[in-house]
Amino acid sequence: MFPTVIKLIPFIEAIGIIAFCISGFIRAQQRKFDAIGVFIIGFVTAFGGGTLRDILLDRRPFYWVEHQNYVIAIFICSLLGGTLMDFTHRVFSRRAMLVADAMGLGLFTITSTAVALEAGMPYFVASMLGMIGAAFGGVIRDILCGDTPLLLTDSSPYASCAFAGSWIYIGLRHLHANDVLSLLIASGVIVFLRLISIKLKWEVPKGF
Amino acid sequence: MFPTVIKLIPFIEAIGIIAFCISGFIRAQQRKFDAIGVFIIGFVTAFGGGTLRDILLDRRPFYWVEHQNYVIAIFICSLLGGTLMDFTHRVFSRRAMLVADAMGLGLFTITSTAVALEAGMPYFVASMLGMIGAAFGGVIRDILCGDTPLLLTDSSPYASCAFAGSWIYIGLRHLHANDVLSLLIASGVIVFLRLISIKLKWEVPKGF
Amino acid sequence: MFPTVIKLIPFIEAIGIIAFCISGFIRAQQRKFDAIGVFIIGFVTAFGGGTLRDILLDRRPFYWVEHQNYVIAIFICSLLGGTLMDFTHRVFSRRAMLVADAMGLGLFTITSTAVALEAGMPYFVASMLGMIGAAFGGVIRDILCGDTPLLLTDSSPYASCAFAGSWIYIGLRHLHANDVLSLLIASGVIVFLRLISIKLKWEVPKGF
Numbered sequence: 001m002f003p004t005v006i007k008l009i010p011f012i013e014a015i016g017i018i019a020f021c022i023s024g025f026i027r028a029q030q031r032k033f034d035a036i037g038v039f040i041i042g043f044v045t046a047f048g049g050g051t052l053r054d055i056l057l058d059r060r061p062f063y064w065v066e067h068q069n070y071v072i073a074i075f076i077c078s079l080l081g082g083t084l085m086d087f088t089h090r091v092f093s094r095r096a097m098l099v100a101d102a103m104g105l106g107l108f109t110i111t112s113t114a115v116a117l118e119a120g121m122p123y124f125v126a127s128m129l130g131m132i133g134a135a136f137g138g139v140i141r142d143i144l145c146g147d148t149p150l151l152l153t154d155s156s157p158y159a160s161c162a163f164a165g166s167w168i169y170i171g172l173r174h175l176h177a178n179d180v181l182s183l184l185i186a187s188g189v190i191v192f193l194r195l196i197s198i199k200l201k202w203e204v205p206k207g208f
Numbered sequence: 001m002f003p004t005v006i007k008l009i010p011f012i013e014a015i016g017i018i019a020f021c022i023s024g025f026i027r028a029q030q031r032k033f034d035a036i037g038v039f040i041i042g043f044v045t046a047f048g049g050g051t052l053r054d055i056l057l058d059r060r061p062f063y064w065v066e067h068q069n070y071v072i073a074i075f076i077c078s079l080l081g082g083t084l085m086d087f088t089h090r091v092f093s094r095r096a097m098l099v100a101d102a103m104g105l106g107l108f109t110i111t112s113t114a115v116a117l118e119a120g121m122p123y124f125v126a127s128m129l130g131m132i133g134a135a136f137g138g139v140i141r142d143i144l145c146g147d148t149p150l151l152l153t154d155s156s157p158y159a160s161c162a163f164a165g166s167w168i169y170i171g172l173r174h175l176h177a178n179d180v181l182s183l184l185i186a187s188g189v190i191v192f193l194r195l196i197s198i199k200l201k202w203e204v205p206k207g208f
Numbered sequence: 001m002f003p004t005v006i007k008l009i010p011f012i013e014a015i016g017i018i019a020f021c022i023s024g025f026i027r028a029q030q031r032k033f034d035a036i037g038v039f040i041i042g043f044v045t046a047f048g049g050g051t052l053r054d055i056l057l058d059r060r061p062f063y064w065v066e067h068q069n070y071v072i073a074i075f076i077c078s079l080l081g082g083t084l085m086d087f088t089h090r091v092f093s094r095r096a097m098l099v100a101d102a103m104g105l106g107l108f109t110i111t112s113t114a115v116a117l118e119a120g121m122p123y124f125v126a127s128m129l130g131m132i133g134a135a136f137g138g139v140i141r142d143i144l145c146g147d148t149p150l151l152l153t154d155s156s157p158y159a160s161c162a163f164a165g166s167w168i169y170i171g172l173r174h175l176h177a178n179d180v181l182s183l184l185i186a187s188g189v190i191v192f193l194r195l196i197s198i199k200l201k202w203e204v205p206k207g208f
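Residue numbers (full-length UniProt numbering), protein chains in the order written: chain Z, 1 to 208; chain Y, 1 to 208; chain U, 1 to 208.
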């Protein structure tokens, strides 16, 4: 079973990058940014979180330096902005976008947590970096667009799901569970938590 | 006398971190952010300036990676948000908060300046990094909250006090004065300047 | 001919830094920031883009650490804010400022692209870093001032000119053209494109 699943990871990764990038495109086009602005916002939404994580960890090369083709694809897509948005709206439902975004959140949280653990970070710091890697692309997108970050203003659980999942991964790693299995379980929990919390309209409490 | 004072430094440091963190909590709760948002803003206010300084100096590990317990404490406090704010308002007066913030400003400016000098920075750059390390946590807090940074809009001297103190420290170091004594004098000058400027409602001029 | 032109580069560089810095000063004074705020915004507009580029490339020392005198000059100018603005308005027309800014854009894009290529970046990433080094000082300025970045909202071509020029430079380097000649041609194209696009009121399309 495992080898098959591992082969799926680059595929899930691509889905996550595309979902994050499209969320950036949509925002940039709501703001009527030109093609270059759409490119910048799409790029930053997809890769900003991982880049901030790598700067904090002093880790190079960045993912987008090693996978330049993703950047070129985002650039071409941003030139096709209008056509692409029509296509996106026709082919992907809002629900499909939420699922794709949740898959990106799940996978990137766990890969970021893993990267932080490998860099020797203590557990709590690793869980924070997991959350930063997955969710701070959206924060940078919001700041560049002049909005207060959704992550802070929207009480629908997002960072909390990432946080919970990263601790499950840390727990499984601590128990020396199989690494791929741990990745799949923890990512799956994040996707599940995120989708169920949207469905049931859960809210993160304001604190006690 | 010195050994006693040195033992006090971690204590003053904790006071500064707590004061900065509470200023973040207050802002986040005014904005009605949820517990995760309160944590992010508290963390960034306390550690953002020092982290930016260390990124600029290419210096690792960060303070909060080495002192993970502070981060965990901030996380727990952010979960207790409401209760804690009630407690804070009852126990600490606004005046106590201003004094604690001034102590944080004083100590962090000088420790940041010292770190920059040890990294071989020239004097003017070291004084800038001293100011960045102490005052830019608040700038990042304000940007994340969608506000124009107080540091820029409020003409009550804040960065200027940090700047003045860092030059006193650089001067004393240049004269080969005792390091701890220099730290204490320069930090003390910053605390004094900051408090007297609030008391006397000094304003930084707009330039000539 | 070349040796003469090379000697001009530090001179053009200074013109670019001054133009960027003045654009920061103007913004900060519109906002009625005090002298320290004017300094911070001027500094960030002049050096923020190159600093972000160097952080992404993990490259030290920063330009402003090696050339501390520029920073001191900006500091003194910010203290002289009012007087200096009067002087600037009297001596430099809006047209002169646009030309100086275009020269800064042209030169800094190509030097940033060259730095990125020397750091082993692939071509597309190098062109992005060229654009970031030249244009992101203004983005950081706008974010600190609480504005949505002009680079994103203004559809007058700015990043696009930088982008086009960086590809000309990359093409010439790929063809093993003389390095200084490539720098001059590519920078010149950017200056020309930027000025002609202002003159003819070109706009970057919103995408197709």
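Careful, some of the hints might be misleading.
Just so you know, same-sequence chains aren't split out, so a pair can sit in one copy or run between any two.
Capping the alpha-carbon separation at 20 Å, the derived lysine to aspartate or glutamate pairs in EDC-like fashion look like this [unchecked claim]:
no., residue 1, residue 2
1, Lys199, Glu13
2, Lys206, Asp179
3, Lys32, Asp147
4, Lys32, Asp86
5, Lys201, Glu13
6, Lys201, Asp147
7, Lys199, Asp154
8, Lys206, Asp86
9, Lys32, Asp154
10, Lys7, Asp147
11, Lys32, Glu118
12, Lys199, Glu118
I should point out that these hints are in silico values taken from the structure, not numbers from a laboratory. What you are looking at is a predicted structure, and each value in this text was computed from that prediction instead of being measured.
Checklist line | Intra- versus inter-copy proximity for Asp147 and Lys201 (alpha-carbon distance at most 20 Å) | finding: neither (23 Å within a copy, 29 Å between copies)
Notebook entry, point to check: From the Cα coordinates, with 20 Å as the cut-off, is the pair Lys7 and Asp147 best called within, between, both, or neither?
Noted result: neither (38 Å within a copy, 44 Å between copies)
Next item on the list: Give the relationship of Lys201 and Glu13 under a CA distance limit of 20 Å: within one copy only, between copies only, both, or neither.
Entry: Neither, since 27 Å and 41 Å both go past 20 Å.
Margin query: Treating 20 Å as the Cα threshold, decide for Lys199 and Glu118: within, between, both or neither.
Written below: Answer is neither; intra-copy 35 Å and inter-copy 50 Å both fail.
Checklist line | Intra- versus inter-subunit Cα pairing at 20 Å for Lys199 with Glu13 | finding: neither (24 Å within a copy, 45 Å between copies)
Next item on the list: Using 20 Å as the alpha carbon limit, work out where Lys32 and Asp86 are close: within a copy, between copies, both or neither.
Entry: within (15 Å within a copy, 36 Å between copies)
Next item on the list: Give the relationship of Lys32 and Glu118 under a CA distance limit of 20 Å: within one copy only, between copies only, both, or neither.
Entry: So Lys32 and Glu118 fail the 20 Å test inside a copy (41 Å) and across (36 Å) alike.
Notebook entry, point to check: What label fits Lys206 with Asp179 when the C-alpha limit is 20 Å: within, between, both, or neither?
Noted result: Answer is neither: 35 Å inside a copy and 45 Å across each miss the 20 Å cutoff.
Item checked: Within, between, both or neither, where Lys32 and Asp154 count as close if Cα-Cα is 20 Å or less -> between (23 Å within a copy, 10 Å between copies)
Check: Between Lys206 and Asp86, at a C-alpha cutoff of 20 Å, which is it: within one copy, between copies, both, or neither?
Finding: between (38 Å within a copy, 14 Å between copies)
Check: For the identical chains here, do Lys199 and Asp154 meet the 20 Å Cα criterion within one copy, between copies, both, or neither?
Finding: Intra 15 Å, inter 39 Å, cutoff 20 Å: intra-copy only.
Next item on the list: Check Lys32 against Asp147 for me: Cα-Cα at most 20 Å, and say if that holds within a copy, between copies, both or neither.
Entry: both (15 Å within a copy, 16 Å between copies)
The structure fails to meet hints 1, 2, 5, 6, 10, 11 and 12 from the earlier list, while all remaining hints are met.
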